[in-house]
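K.L.:
Each chain, letter by letter, is given below.
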Amino acid sequence: MSWEVVIGLEIHTQLATKSKIFSAASTAYGAEPNTQACLVDLGYPGVLPVLNKEVVHMAAMFGLSVNATVAQRSVFARKNYFYPDLPKGYQISQFELPIVEHGELFIADAEGNDKRIGITRAHLEEDAGKSIHEGLDKSSGIDLNRAGTPLLEIVSEPDIRSAKEAVAYMRKIHTIVRYLGISDGNMQEGSFRCDANVSVRPKGQEEFGTRAEIKNLNSFRFVEKAINFEVERQIELIEDGGEVVQETRLYDSDKDETRSMRSKEEANDYRYFPDPDLLPVEITAEYIESVRAELPELPDAKQQRFVAEYELRKDDAAILTSSRPAADYFEAAAAATDAKAQLVANWVVGDLSGALNRDGLNIADSKISAVDLAGLLTRIQDNTISGKIAKQVFEAMWDGEGSADDVIEARGLKQITDTSAIEEVVDRVIEANPGQVAEYKAGKDKLIGFFVGKVMQETRGKANPGQVNQILKAKLSG
Amino acid sequence: MDLHTKTMTELSAGLERGDYTSVELTQSLLDRIAAHNDTLNALLTVTGEQAIAAAARADADRAAGKAGALNGLPIIHKDIFCTRDVRTTCGSKMLDNFISPYDATIVERLADAGAVVLGKANMDEFAMGSSNETSYFGPVNNPWDLERTPGGSSGGSAAAVAARFAPGATATDTGGSIRQPAALTGTVGIKPTYGRVSRYGMIAFASSLDQAGVITRSAEDAARLLGVMAGFDERDSTCIDEPVPDYVAALGDSVKGLKIGIVRQHFDEGLDADCGARVKDAIAVIESLGATAVEVDMPNIDYSVPTYYVVAPAECSSNLSRFDGVRFGHRAENAEDLFDLYCRSRGEGFGDEVKRRIMTGTYVLSAGYYDAYYLKAQQVRHLIADDFKKAFEKVDLIAGPTTPTPAFKLGDKVDDPITMYLNDIYTIGANLGGFPAMSVPCGFVNDLPVGLQLVGHHFDESALLRCAHAYQQATDWHIACPEDFA
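For the protein sequence lines, the chains are W and P, in the order given. Per the numbering used here, the very first residue in the first sequence carries number 1; after that it's consecutive. Per the numbering used here, the very first residue in the second sequence carries number 1001; after that it's consecutive.
Treat the hints as calculated values from the structure; they're not laboratory data. It is possible that some hints are incorrect.
[What the hints assert, rightly or not] Stretches of chain W that chain P covers, calculated by requiring three or more beta carbons in the stretch to come under 8 Å of a beta carbon on chain P:
1. 39 to 50
2. 199 to 206
3. 276 to 283
4. 459 to 471
[Said to hold, decoys possible] Straight-line C-alpha distance at most 25 Å; calculated SDA-like pairs for lysine to any residue:
5. P/1376 - W/95
6. W/79 - P/1377
7. W/79 - P/1375
8. P/1376 - W/96
9. P/1376 - W/278
10. P/1376 - W/269
11. W/314 - W/349
12. W/138 - P/1333
13. P/1376 - P/1302
14. W/130 - P/1341
15. W/215 - W/269
16. P/1093 - W/278
17. W/53 - P/1235
These figures come from a predicted structure and were not determined experimentally. Ideal placement from N, C-alpha and C gives every residue a C-beta, glycine not left out.
Whenever a hint applies, use it, and build me the whole structure from the sequences.
P.N.:
The following block contains the structure:
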């Protein structure tokens, strides 16, 4: 039988606020346990939550970026359950009336066509703390630094049909939240993680199969591997006559498998109800429009513009717009040189990316500024140096030897374009290699490469290759 | 010098004249508490040393010409308010060992105004009760008859003020917890508009109903205390940013032309005939001062008790989840695992009434019951609030009985929750609609005090205080003192 995979993702994005969603405590990562938890985060008797307005702004930015409805009235609710890392015994979240609903975005499917993925909703909530078991004998520790950190939970429609699509969707959301500056998207620190709802059904069947939810996937690679494992597990199970149970599963990256965590029967009844300590969040249409007006250019629009305005290849435009700093770098470089934009793109995507990866640097920390790279490309454009020499100049610039002109000057790399100077060298080469000249004249055309090589050797690569070719051919046929 | 018999207004004048210092005043009341508290069980914690130190600071401030509005005046806090470095029990074994690391907003504001805190008052456990019998620390006895209840949940605050331990006390009211004990002890109690006073640092029972207020002996003192406590607090999102009028100044206005609504349903069966007669007499006195009484109909008011007993337990079941034995409060010993720790810490830490309400609340919020109970109750709540709003289109305030009977005997209703709940039948409506409400002593039945309840429109505490003050100028019920505490 042929199977269809159905996937929906719930992405938890930590919002990049300075203080927590309902208290003034800092959200900075990595502090000593429980040093960034105030009385509100600790759920002390008598304390009350006060909403950090910045999170509303951020959620609205996200909603508008995915073509969603931003609700003028949304409501915080309590999700009740007991757990040691949940100090109040309830999590403040949004339930019936979330701030963002009915959004969408487009990813490329297997054939490279645009595919729409619906976004059901995105709601604001507080994160819980975390339990610590390592290094403690027969007891558990609780670190509440993370308790109260603002999260935007982004829930997709079950429109995703493969692990690859799931990763593409997650990457797209990742790019958007970083473009907007509403999350640092740091997956190692847990700022961007997801739960995947996975089910399979026979191709052509209308109704969904029973789904399993894989919790807490914190890398793109794990998302892909966990979904692939889960899909295979479910198909095998059904084909062996078994049934998929609705349950929560955990992905074990060491063993590359998912494991049952709890079944639906053991699931909590969260007893959601509107939080009486918080008023409904009410925002005006004018406010929403003002947020829309402030939105930066988003990845899709930027990509289209790069293709239209700079005549870049689509794949290069996609790579350059996958992060705002890369796009900004490209545009700054392109603006500072007469070289073709595609040449700029080739260098940013090629040599520059390579050097950055090699040294583990972000483009914002590049050792060669956009303007300096533009200076190098200008010298290719005006034939001061060849593309090959340019690579040598690039490495020297990377190593701190100054601008392209500084390097060219210091190393004497200026291309020889003076025809008489090249003719002089050509004459010398012809004179020194009579045998080869005879063979060439007898019809061995391929020997032209030998002569070009000799000339370039003599000029230490600085002669303009086009001119060398032209002059050689003229002299040899003479 | 009989300082204990004086009101805050009188004491403030005495301090200003230099007739006595705050230290002297404070010491005299501490002596009185030491002599009588065992009889009443009104205070759970007496903060003698801190009180004397605060009184000395107040005296120094006055000498330096920096006397605040309540400079040197002794008060008592209900033990539901967090007080820094002082035990804050909320009447529960769960918090028997809880020393608060911070002050509630109102505790801070009263201290800043120069008030001197004598101690923390007994109360029903987590403010759930109408007789003070649910307190882990034992019931409070009514100074008018030690075998009777002072009411609840602010029974300790009311008994302490009635017994002249202090001229005023803070209290809280979720369904009548200020007004009912005030009525049963012959004191004045006011619950302001929901959102008027910050709830920050007040241990939550039912967040959408809880409101802090005061118990005093005169409306004038209530105006003084409330004026300091009221006003916006950015730490409470439900606290409303609305200017607070000068309540004391407003007392001088006449009640002439004031329209008083009489709710027909308040005088139906269930009201003790003698209590009803005292209340009607009181309304006649207010009319004689120039007000006019008209009947108003509140068709949905009879649903207030059942509505309340869905909404309040629902909120409490969630609010009390934080008491899990993990970070503060009672923790069961030798827990086998996490589940055992939760079950036994909560099982041991909470009393029967609290457990009853947590279970009721958990039930009404459960999947499948939410719509039928919680949502329905919220809808009825709106209807009841609308009844009040309609009434306030015609009248300035509503007058009626605070309670169906005078103080009942301790032990009488403790095993019958429904009868106990009906004690709040006249008071709950104001909480459901967030309206300000007050109880004023209006006479006696069999030597037990009876209260007149006044309910006002949102943010119009002034109308209540003005009417109560005018009534107290014309009567002397509030001057009467229980014999053993004269």
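K.L.:
What are the numbers of the hints that this structure violates, sorted from low to high?
P.N.:
Hint check: 2, 4 and 16 fail, others pass.
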